[in-house]
Amino acid sequence: QVQLVESGGGVVQPGRSLRLSCAASGFTFDTYPMHWVRQAPGKGLEWVAVISYDGATHYHADSVRGRFSISRDNSKNTLSLQMDGLRAEDSALYYCAKPRDTLILDAIDFWGQGTLVTVAS
Amino acid sequence: QSALTQPASVSGSPGQSITISCTGTSRDVGSYNLVSWYQQHPGKAPKLMIYEVTKRPSGVSNRFSASKSGNTASLTISGLQTEDEADYYCCSYARSSWVFGGGTKLTVL
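The listed protein sequences correspond, in order, to chains A and B. For the first sequence, the residue numbers in our numbering are 64 to 184. For the second sequence, the residue numbers in our numbering are 24 to 132.
These are calculated hints, taken from the structure and not from any lab test. Nothing here was measured: the structure is a model prediction, and the numbers come from that model. Any given hint could turn out to be false.
[As the list claims (entries may be wrong)] Capping the alpha-carbon separation at 25 Å, the derived lysine-lysine pairs in BS3-like fashion look like this:
#, chain 1, residue 1, chain 2, residue 2
1, B, 128, B, 70
2, B, 128, B, 67
3, B, 67, A, 106
4, A, 139, B, 128
[Unchecked claim] Rough simulated footprint, nothing fancy, chain B against chain A, three-plus residues with beta-carbon under 8 Å:
#, segment
5, 87-93
6, 108-118
7, 160-172
For each residue, glycine too, the CB sits at the ideal point set by N, CA and C.
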């Protein structure tokens with residue numbers, strides 16, 4: 064069965080960096096695009112970034128572009144999110160998410176349980 | 024990348040039907056048949072209920088249906104059940120990005 068297990072969250076000071084990881088299993092990881100989506104405590108969902116199956120194409124939300132970078136290592140079935148210049152408003156539960164099919168436009172149909180990032184001094 | 028607009032809350036009694044609207048722009052909902060809907064219970068990850076405007080994934084009840092007209096998409100839940108009480112989010116592709124709605128809290132009275 065599909066599993067997505069996020070890690071790397073924690074408490075970090077404003078301006079510092081953090082790297083999130085997502086270990087994927089139960090599906091052919093290297094054929095699927097992958098997303099990061101976040102949810103601030105008590106708030107709604109916010110799309111963060113997507114990367115193509117081969118890592119050649121990636122898009123980021125305006126709110127994180129230039130500070131966050133999505134990447135993947137298909138040899139290790141791992142998705143990553145490098146977060147630099149963190150701000151208080153980046154505090155959220157970060158979900159790793161898989162689309163229902165292999166096209167980058169396909170809807171997300173599976174989510175991990177998330178890893179919590181708190182940016183505070 | 025402005026969030027899609029959803030009502031903050033809707034409510035209904037068991038057995039009734041409710042509709043949740045999701046209003047975007049010609050840059051997202053209006054331009055692509057790539058609207059999806061998610062159900063999220065407290066403390067849980069979201070669950071895909073509808074994709075590509077009207078399609079239901081396997082295992083999702085046919086009490087859930089959806090449509091789109093212009094820049095507005097809608098999710099209808101018929102025969103409300105207590106387990107439908109949850110937050111609902113719409114999502115649309117928007118040219119190299121995705122945008123979610125602010126979410127609607129459904130209360131089943």
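Practice prompt. Report holds or violated for chain B covering the segment 160-172 of chain A, Cβ cut-off 8 Å, minimum 3 residues.
Written response: Since three or more residues must qualify, the claim that chain B covers the segment 160-172 of chain A holds, with 6 doing so at under 8 Å.
Worksheet item: Holds or violated: residue 139 of chain A with residue 128 of chain B, Cα cutoff 25 Å?
Response: violated (39 Å)
Practice prompt. State whether the coverage of the segment 108-118 of chain A by chain B holds or is violated, taking the criterion as 3 or more residues with Cβ-Cβ distances under 8 Å.
Written response: holds (count 4)
Discussion item. Taking 8 Å as the Cβ threshold, is the statement that the segment 87-93 of chain A is covered by chain B upheld or broken by the three-residue rule?
Written reply: With 0 residues close enough to chain B, the hint is violated.
Worksheet item: Does residue 128 of chain B pair with residue 70 of chain B here, judged by a C-alpha cut-off of 25 Å?
Response: holds (15 Å)
Worksheet item: Between residue 67 of chain B and residue 106 of chain A, is the straight-line Cα distance small enough, at 25 Å or below?
Response: holds (13 Å)
Discussion item. Hint check: residue 128 of chain B vs residue 67 of chain B, CA-CA at most 25 Å. Holds or violated?
Written reply: At roughly 14 Å apart (the allowed maximum being 25 Å), residue 67 of chain B and residue 128 of chain B satisfy the hint.
In this structure, the earlier hints numbered 4 and 5 are contradicted, and the remaining ones agree with it.
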